[in-house]
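Undergrad: Letter by letter, the chains look like this.
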Amino acid sequence: NAGVTQTPKFQVLKTGQSMTLQCAQDMNHNSMYWYRQDPGMGLRLIYYSASEGTTDKGEVPNGYNVSRLNKREFSLRLESAAPSQTSVYFCASSDAGTQAGKLFFGSGTQLSVL
Amino acid sequence: DQQVKQNSPSLSVQEGRISILNCDYTNSMFDYFLWYKKYPAEGPTFLISISSIKDKNEDGRFTVFLNKSAKHLSLHIVPSQPGDSAVYFCAPHLIQGAQKLVFGQGTRLTINP
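The listed protein sequences derive, respectively, from chains A and B.
For the first sequence, our numbering begins at 66 and goes up steadily by one.
For the second sequence, our numbering begins at 14 and goes up steadily by one.
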């Protein structure tokens, strides 16, 4: 029972490089989310997708783009990485029909931008 | 504009005693309040929640209390166990077009043997 799978687990980029963080869930959830966690800041919502075919900005969307490829997959792209994007990134999914706010998280991607 | 505050970055409690983690919020539109637990190198996992129409919810060793007039909630763990050592996030829920959680900064709980 995989749940939410994120790849890669670790990544080091140079300023200006691009990369895509991959996320897939096998729980048939409608909604998917990307969060970043910084020390002392908690988790902040970058983008979310309430259902297949829709995406919306969260609290901190600047510098990121997302793609809801299908119901299972939700990717996060950094077009031109900046040191301020050094963070731990978490993907999550939820089923709006069940308990409100109960998200299932992946294990995270630790990204360093030099 | 921090809608959710966990004012204690860390808390140390002796094994067997009660752990009390606190959370304050400002937005009266939150309808559910959730607590998540996070171990190092893992994603957060759901722990317990409470609806805004209740003032207490209990699940085994974990109890969450909600004081709506004070916009304050707390998580009680009793008795505390070494495996409870983790970071705890308060996460109120809001529906604004879609479901969203607003996370507090987290409290690192350490249970000492």
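Just so you know, these hints were derived from the structure itself, not from any lab.
Among the hints, erroneous ones may be present.
Think about it this way: if two alpha-carbon atoms lie no more than 30 Å apart in a straight line, the pair counts; the simulated DSSO-like pairs of lysine-lysine are [said to hold, decoys possible]:
1) A:Lys74 / B:Lys50
2) B:Lys69 / A:Lys122
3) B:Lys113 / B:Lys81
4) A:Lys167 / B:Lys81
For each label pair, taking beta carbons as the anchor points, the in silico distance ranges come out as [as the list claims (entries may be wrong)]:
5) A:Asp103 / B:Asn20: 37 to 43 Å
6) B:Pro95 / A:Asn130: 40 to 46 Å
7) B:Arg121 / A:Asn93: 48 to 54 Å
8) B:Pro126 / A:Asp121: 43 to 49 Å
9) B:Ile108 / A:Asp91: 22 to 28 Å
10) B:Gln27 / A:Ser116: 44 to 50 Å
11) A:Lys122 / B:Val91: 36 to 42 Å
12) B:Pro126 / A:Pro126: 43 to 49 Å
Now the stretches of chain B that chain A is said to cover, found in silico as 3 or more residues with beta-carbon under 8 Å [what the hints assert, rightly or not]:
13) 33-47
14) 50-58
15) 75-81
Glycine residues also receive a C-beta, built at the ideal position from the N, C-alpha and C atoms.
Undergrad: Can you let me know if the beta-carbon spacing of Asp103 of chain A and Asn20 of chain B is within 37 to 43 Å?
TA: Cβ of Asp103 of chain A to Cβ of Asn20 of chain B: about 18 Å, so the range 37 to 43 Å is violated.
Undergrad: Does the beta carbon distance between Gln27 of chain B and Ser116 of chain A stay inside 44 to 50 Å, or does it fall outside?
TA: holds (47 Å)
Undergrad: Do the Cβ positions of Pro95 of chain B and Asn130 of chain A conform to the proposed distance bound of 40 to 46 Å?
TA: holds (43 Å)
Undergrad: Quick one: see if chain A covers the segment 50-58 of chain B, three-plus residues with Cβ-Cβ under 8 Å.
TA: holds (count 5)
Undergrad: Between Arg121 of chain B and Asn93 of chain A, does the beta-carbon spacing fit 48 to 54 Å?
TA: At roughly 34 Å between Cβ atoms, Asn93 of chain A and Arg121 of chain B fall outside 48 to 54 Å, so the hint is violated.
Undergrad: Between Lys74 of chain A and Lys50 of chain B, is the straight-line Cα distance small enough, at 30 Å or below?
TA: Satisfied, since the Cα-Cα distance of roughly 20 Å is no more than 30 Å.
Undergrad: Under the criterion that the straight-line Cα-Cα distance not exceed 30 Å, is the pair Lys69 of chain B, Lys122 of chain A satisfied?
TA: It is violated: about 33 Å lies between the C-alpha atoms, which goes past 30 Å.
Undergrad: Evaluate the given range 22 to 28 Å for the C-beta pair formed by Ile108 of chain B and Asp91 of chain A.
TA: Holds, at about 26 Å.
Undergrad: The segment 33-47 of chain B covered by chain A? Criterion: 3 or more residues, Cβ-Cβ distance below 8 Å.
TA: Result for this restraint: holds, n = 3.
Undergrad: Would you mind confirming whether the straight-line C-alpha gap from Lys113 of chain B to Lys81 of chain B stays at or under 30 Å?
TA: holds (20 Å)
Undergrad: Assuming the hint says 36 to 42 Å, is it satisfied by the Cβ distance from Lys122 of chain A to Val91 of chain B or not?
TA: holds (41 Å)
Undergrad: According to a criterion of three or more residues whose C-beta lies within less than 8 Å of a C-beta of chain A, is the segment 75-81 of chain B covered?
TA: Coverage by chain A is violated for the segment 75-81 of chain B (0 residues, Cβ < 8 Å).
This entry does not satisfy hints 2, 5, 7, 15, going by the numbered hints stated previously.
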